Amino acid sequence: MAQEDGASSVTSSPLQFFPWMSLSPGYGSQYPWLRELKSEERGLYLIHLLLACANQVAAGSVENANISLEQISHLASADGDTMQRIAAYFTEALADRILKKGWPGLHRALTFTKKSLLSEEILVQRLFFELFPLLKLAYVITNQAIIEAMEGEKMVHIIDLNSFEPAQWIDLLQMLSARPEGPPHLRITGIHEQKEVLDQMALRLTEEAEKLDIPFQFNPIVSKLEDLNIESLRVKTGEALAVSSVLQLHSLLASDDEMLKGNSPSASKNPNSSHLQRVLQINKNQRTLGELLEKDLVHVYSASPDSALSPLSLAPSPKMGCFLSALWGLSPKLMVITEQESNHNGFTLMERVTEALNYYAALFDCLESTVSRVSVERQKVEKMLFGEEIKNIIACEGTNRKERHEKLEKWILRLEMAGFGRVPLSYHGMLQASRLLQSYGYDGYKIKEENGCLVICWHSRPLFSISAWRFRGMIERY
Amino acid sequence: MSTTMPVDLDNSSTASGEASVSSSGNQPPPSKSTATGKKKRNLPGMPDPDAEVIALSPKTLLATNRFVCEICNKGFQRDQNLQLHRRGHNLPWKLRQRSSKEVKKRVYVCPEPTCVHHDPSRALGDLTGIKKHFCRKHGEKKWKCDKCSKKYAVQSDWKAHSKICGTREYKCDCGTLFSRRDSFITHRAFCDALAEESARTQTRTPTPASNLAAANPNPEGKPNLQVDPPPKPPPPPPPAVPAAAAPASALPALSQSAGVMSSSVSPTHSSELPDNPTPIIGEAQAPAPAPAPAPAPAPAPAPASLNGSCSSSTSSCSNGSSSSSVFASLFVSSTASGSLQPPQTPAFTDLIRAMGHPDRPADLGPSSSTEPISLCLSTNHGSSIFGTAGQELRQYAPPPQPAMSATALLQKAAQMGAAATNASLLRGLGIVSSSSSAQQDNMLWGHRQVEPENTSVTAGLGLGLHCDGGSGLKELMMGTPSVFGPKQTTLDFLGLGMAAGGSPGSGLSALITSIGSGLDVAAAAASFGGGEFTGKDMRRSS
Numbered sequence: 000m001a002q003e004d005g006a007s008s009v010t011s012s013p014l015q016f017f018p019w020m021s022l023s024p025g026y027g028s029q030y031p032w033l034r035e036l037k038s039e040e041r042g043l044y045l046i047h048l049l050l051a052c053a054n055q056v057a058a059g060s061v062e063n064a065n066i067s068l069e070q071i072s073h074l075a076s077a078d079g080d081t082m083q084r085i086a087a088y089f090t091e092a093l094a095d096r097i098l099k100k101g102w103p104g105l106h107r108a109l110t111f112t113k114k115s116l117l118s119e120e121i122l123v124q125r126l127f128f129e130l131f132p133l134l135k136l137a138y139v140i141t142n143q144a145i146i147e148a149m150e151g152e153k154m155v156h157i158i159d160l161n162s163f164e165p166a167q168w169i170d171l172l173q174m175l176s177a178r179p180e181g182p183p184h185l186r187i188t189g190i191h192e193q194k195e196v197l198d199q200m201a202l203r204l205t206e207e208a209e210k211l212d213i214p215f216q217f218n219p220i221v222s223k224l225e226d227l228n229i230e231s232l233r234v235k236t237g238e239a240l241a242v243s244s245v246l247q248l249h250s251l252l253a254s255d256d257e258m259l260k261g262n263s264p265s266a267s268k269n270p271n272s273s274h275l276q277r278v279l280q281i282n283k284n285q286r287t288l289g290e291l292l293e294k295d296l297v298h299v300y301s302a303s304p305d306s307a308l309s310p311l312s313l314a315p316s317p318k319m320g321c322f323l324s325a326l327w328g329l330s331p332k333l334m335v336i337t338e339q340e341s342n343h344n345g346f347t348l349m350e351r352v353t354e355a356l357n358y359y360a361a362l363f364d365c366l367e368s369t370v371s372r373v374s375v376e377r378q379k380v381e382k383m384l385f386g387e388e389i390k391n392i393i394a395c396e397g398t399n400r401k402e403r404h405e406k407l408e409k410w411i412l413r414l415e416m417a418g419f420g421r422v423p424l425s426y427h428g429m430l431q432a433s434r435l436l437q438s439y440g441y442d443g444y445k446i447k448e449e450n451g452c453l454v455i456c457w458h459s460r461p462l463f464s465i466s467a468w469r470f471r472g473m474i475e476r477y
Numbered sequence: 000m001s002t003t004m005p006v007d008l009d010n011s012s013t014a015s016g017e018a019s020v021s022s023s024g025n026q027p028p029p030s031k032s033t034a035t036g037k038k039k040r041n042l043p044g045m046p047d048p049d050a051e052v053i054a055l056s057p058k059t060l061l062a063t064n065r066f067v068c069e070i071c072n073k074g075f076q077r078d079q080n081l082q083l084h085r086r087g088h089n090l091p092w093k094l095r096q097r098s099s100k101e102v103k104k105r106v107y108v109c110p111e112p113t114c115v116h117h118d119p120s121r122a123l124g125d126l127t128g129i130k131k132h133f134c135r136k137h138g139e140k141k142w143k144c145d146k147c148s149k150k151y152a153v154q155s156d157w158k159a160h161s162k163i164c165g166t167r168e169y170k171c172d173c174g175t176l177f178s179r180r181d182s183f184i185t186h187r188a189f190c191d192a193l194a195e196e197s198a199r200t201q202t203r204t205p206t207p208a209s210n211l212a213a214a215n216p217n218p219e220g221k222p223n224l225q226v227d228p229p230p231k232p233p234p235p236p237p238p239a240v241p242a243a244a245a246p247a248s249a250l251p252a253l254s255q256s257a258g259v260m261s262s263s264v265s266p267t268h269s270s271e272l273p274d275n276p277t278p279i280i281g282e283a284q285a286p287a288p289a290p291a292p293a294p295a296p297a298p299a300p301a302p303a304s305l306n307g308s309c310s311s312s313t314s315s316c317s318n319g320s321s322s323s324s325v326f327a328s329l330f331v332s333s334t335a336s337g338s339l340q341p342p343q344t345p346a347f348t349d350l351i352r353a354m355g356h357p358d359r360p361a362d363l364g365p366s367s368s369t370e371p372i373s374l375c376l377s378t379n380h381g382s383s384i385f386g387t388a389g390q391e392l393r394q395y396a397p398p399p400q401p402a403m404s405a406t407a408l409l410q411k412a413a414q415m416g417a418a419a420t421n422a423s424l425l426r427g428l429g430i431v432s433s434s435s436s437a438q439q440d441n442m443l444w445g446h447r448q449v450e451p452e453n454t455s456v457t458a459g460l461g462l463g464l465h466c467d468g469g470s471g472l473k474e475l476m477m478g479t480p481s482v483f484g485p486k487q488t489t490l491d492f493l494g495l496g497m498a499a500g501g502s503p504g505s506g507l508s509a510l511i512t513s514i515g516s517g518l519d520v521a522a523a524a525a526s527f528g529g530g531e532f533t534g535k536d537m538r539r540s541s
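In order, the protein sequence lines correspond to chains W and R. Every letter in the first sequence is one number past the one before it in numbering that gives the first Met the number 0, and letter 200, counting from 1, is 199. Every letter in the second sequence is one number past the one before it in numbering that gives the first Met the number 0, and letter 238, counting from 1, is 237.
All the pointers check out, no bait thrown in.
Within a straight-line C-alpha distance of at most 30 Å, the following computed DSSO-like cross-link-like pairs (lysine-lysine) qualify:
| hint | chain 1 | residue 1 | chain 2 | residue 2 |
| --- | --- | --- | --- | --- |
| 1 | W | K379 | R | K411 |
| 2 | W | K210 | R | K150 |
| 3 | W | K445 | R | K162 |
| 4 | W | K153 | R | K150 |
| 5 | R | K162 | W | K332 |
| 6 | R | K141 | W | K210 |
| 7 | R | K143 | W | K210 |
| 8 | W | K153 | R | K158 |
| 9 | W | K406 | W | K445 |
| 10 | W | K153 | R | K146 |
| 11 | W | K114 | W | K379 |
| 12 | R | K162 | R | K140 |
| 13 | W | K99 | W | K379 |
| 14 | W | K153 | R | K140 |
| 15 | R | K93 | R | K58 |
| 16 | W | K401 | W | K100 |
| 17 | W | K153 | R | K143 |
| 18 | R | K170 | W | K210 |
| 19 | R | K411 | W | K409 |
| 20 | W | K153 | R | K162 |
| 21 | W | K210 | R | K158 |
| 22 | R | K411 | W | K447 |
| 23 | W | K445 | R | K170 |
| 24 | W | K447 | R | K162 |
| 25 | W | K210 | R | K149 |
| 26 | R | K141 | W | K153 |
| 27 | W | K153 | R | K73 |
| 28 | W | K210 | R | K146 |
| 29 | R | K131 | W | K153 |
| 30 | W | K445 | R | K411 |
| 31 | W | K447 | R | K170 |
| 32 | R | K158 | R | K143 |
| 33 | R | K140 | R | K158 |
| 34 | R | K411 | W | K406 |
What the hints contain is simulated information worked out from the structure, not anything from laboratory work. Since we're looking at a predicted model, the values are computed, not measured.
Given the sequences, and given the hints that come with them, work out the whole structure.
Now the structure itself:
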């Protein structure tokens with residue numbers, strides 16, 4: 000007991016200052032008002048605890064982290080207020096990380112029977128579609144960009160990197176059938192890991208196309224994105240190709256960081272040289288080096304000095320390089336990329352924790368404002384979607400860490416280096432998106448335009464970015 | 000049949016030789032727009048007086064594809080195109096050049112006698128123009144817009160319209176469509192008033208949600224956290240208090256009263272409160288205006304019985320708004336005050352009112368918990384992205400920021416952290432980034448522990464007096480882990496009650512004594528039926 004020592008006041012828990020905090024919620028019921036009274040303070044306390052715990056985890060002091068986790072778990076709750084929920088999932092992620100690193104066998108034993116049902120996963124994706132405007136906005140903007148780019152085209156082939164929501168393409172089918180020159184011959188290649196999802200897509204889309212009398216073909220490809228075989232896409236000559244990537248591309252950044260870090264000098268030491276090295280690593284094609292270097296140097300020198308790490312020091316990623324150059328080889332007329340607008344790909348854990356805290360706080364705030372606290376659906380999205388993402392960001396490393404979100408400026412750099420040119424998103428598309436937001440009553444969301452790309456924000460916090468690209472030949476200048 | 004043959008047809012500069020064979024084959028002169036150099040344009044409606052007037056027959060004007068290939072009968076609008084096509088058949092072909100002669104100005108009259116442009120003085124200067132005019136005014140409308148059923152006689156008109164049709168539409172919330180911005184805005188000005196009213200009368204129902212919560216507050220919640228972290232504290236035991244029965248019956252009534260609540264005007268708040276045993280509530284309620292979308296502020300927890308039931312039903316719903324509403328009169332609160340509406344919290348006064356008015360008709364929309372379900376079920380079969388989801392979402396109008404959002408909390412923590420000596424290493428949040436400084440803090444803490452960290456304590460104690468609370472708070476937190484050895488167990492936390500209650504260490508009371516203003520809070524806390532240890536210590540130290 001803390002009172003053992005004589006001058007135990009030194010070692011007594013500061014929590015004595017917060018007696019109710021240490022009480023089990025059994026006591027809590029007698030003081031529910033305390034719980035409510037302290038929401039803000041509790042929230043602040045939780046933030047401090049989380050950061051302390053993250054520090055300890057990063058430093059490897061497991062025992063201290065254990066204590067922090069204990070403390071947090073008394074306050075956090077998956078059905079409490081926003082901060083409590085966030086804390087709950089971050090705590091879980093931190094604990095997951097400790098266990099994985101220290102006792103991998105234990106970790107595996109505790110988690111390998113907990114695989115979620117396919118139907119649940121599909122449901123959660125659907126819930127995300129319903130509860131957030133993001134996917135709808137992304138689809139509307141993507142479709143508008145496709146319509147504009149494919150004006151006059153008779154044969155259109157669309158590759159959907161994560162094909163699970165029929166609504167997206169149904170909308171496009173309808174827009175295409177209303178074209179004055181009539182609809183084109185449309186092929187959609189859908190990629191997804193689960194066959195059932197693709198079967199459902201095929202059904203819905205062919206049904207709709209028949210209704211609208213559009214010549215249509217759906218090609219399902221059951222595959223993980225990283226294992227995708229470009230040949231299987233069967234892109235034909237003469238057809239206009241469009242690629243739609245909604246929250247998918249970042250998973251290709253997953254790589255064995257340790258190995259790659261060893262190869263190149265650390266970013267902080269010599270940004271220029273390491274940057275060049277990465278250029279070479281990323282870009283497999285021997286493009287005109289001079290051209291690339293010219294562009295890259297320009298970028299490096301104009302780097303905005305707003306973060307400790309050079310914002311343009313891209314983490315090397317062989318998978319991404321391969322994938323992008325394969326796509327480039329198909330000469331797509333249009334590629335629309337929607338990604339999370341946040342940097343969750345930092346090298347250090349603390350970096351990722353702080354960025355993720357800010358980012359998911361905004362997402363959880365969105366839910367808090369639009370869905371009731373007792374909603375089971377909300378909890379599902381929080382737990383199975385965001386919770387899993389948070390866990391991945393915090394607890395996983397190397398090739399397992401798939402949620403490697405990066406900010407738009409980095410994506411721009413990557414794509415430009417891979418040979419793509421930007422296609423500014425039309426004003427019309429942005430109008431449509433704004434109208435969608437209004438008609439759905441999603442208050443608090445805002446759409447910002449930045450350099451031809453769109454950023455969807457929650458109040459002033461950017462959440463997602465949408466940008467459009469096209470194949471850019473070597474001759475063309477940027 | 001042409002009525003008059005133009006005089007200089009044969010001298011036409013375009014390849015019109017063969018075409019003159021057909022009676023209706025009046026060859027179009029080179030399009031004026033292709034001439035190099037700017038054309039002098041006459042004033043509209045006043046043709047060049049010395050221009051040549053040409054009257055073409057209706058057949059001519061309507062004809063398309065005048066030039067026909069003799070081999071395959073393919074038609075072309077221009078002779079040039081026909082010539083190029085003939086090359087494909089290995090036929091002799093010849094492209095005529097434009098003659099070097101200057102082209103005489105021609106004007107065209109409409110063949111329809113009743114038409115204004117039949118008069119040469121109102122002739123049109125452009126061949127394409129006269130053709131289109133004739134189609135539009137005197138022709139059959141063969142092209143139809145498939146979006147809106149407008150018909151057109153000229154294909155280019157139809158194309159131009161289709162591009163625009165449906166793309167510039169304004170839609171009011173009430174569903175009316177407008178193609179013009181001005182009429183849309185005018186409508187909106189009047190329609191908005193109506194829309195707001197209807198939104199106000201719509202209600203949120205916490206009831207079925209709170210039924211779920213009351214019946215089963217956390218057991219479903221528990222599995223959310225994996226086994227690894229210490230299990231979450233069990234949900235507050237269902238209140239074994241007299242009002243335990245109340246929730247069951249009150250909650251359904253709650254939904255009814257919630258409906259009443261939101262549509263009632265503020266004055267009725269206080270009028271219905273007399274039966275409320277706690278004046279505090281009344282005080283707290285008064286400042287809260289009738290919220291448009293949400294029920295009244297969160298429950299005031301004073302009376303233990305009702306409090307219990309409220310807490311159980313609101314355990315998952317409550318948030319900080321209640322703090323300020325309840326204790327606004329007692330404490331200085333920095334949390335958001337004013338119009339606080341926690342999302343689905345069954346208002347405490349609702350409960351009371353519900354018990355008083357059980358006969359209100361329950362006429363509420365789908366509960367919020369079922370709303371998202373309906374979102375799922377109604378998944379857009381056939382409907383596009385613009386499905387029905389919008390309606391459900393809008394029914395749940397969020398409370399205008401009752402408690403601080405997580406984002407705001409983070410910003411606040413960052414500010415507090417930034418004030419600390421261990422300034423933030425990482426952007427956005429002030430943290431101590433290495434455990435070594437935690438060690439430092441430990442030592443600091445060892446020396447300073449009795450220092451008036453009261454400010455931070457009071458901050459923690461929920462007074463909302465955030466003086467320099469941040470740094471102290473932080474150091475306390477940093478200090479904690481390193482202070483404890485591994486042998487620290489939960490017992491210590493829980494044992495406080497026991498330790499303090501059983502043998503309130505002098506340390507504890509000393510600490511509490513050292514907290515200047517903290518006393519007030521502790522006392523206040525004690526006065527609300529706080530744990531025995533605080534009560535004892537208060538007595539002891541005072």
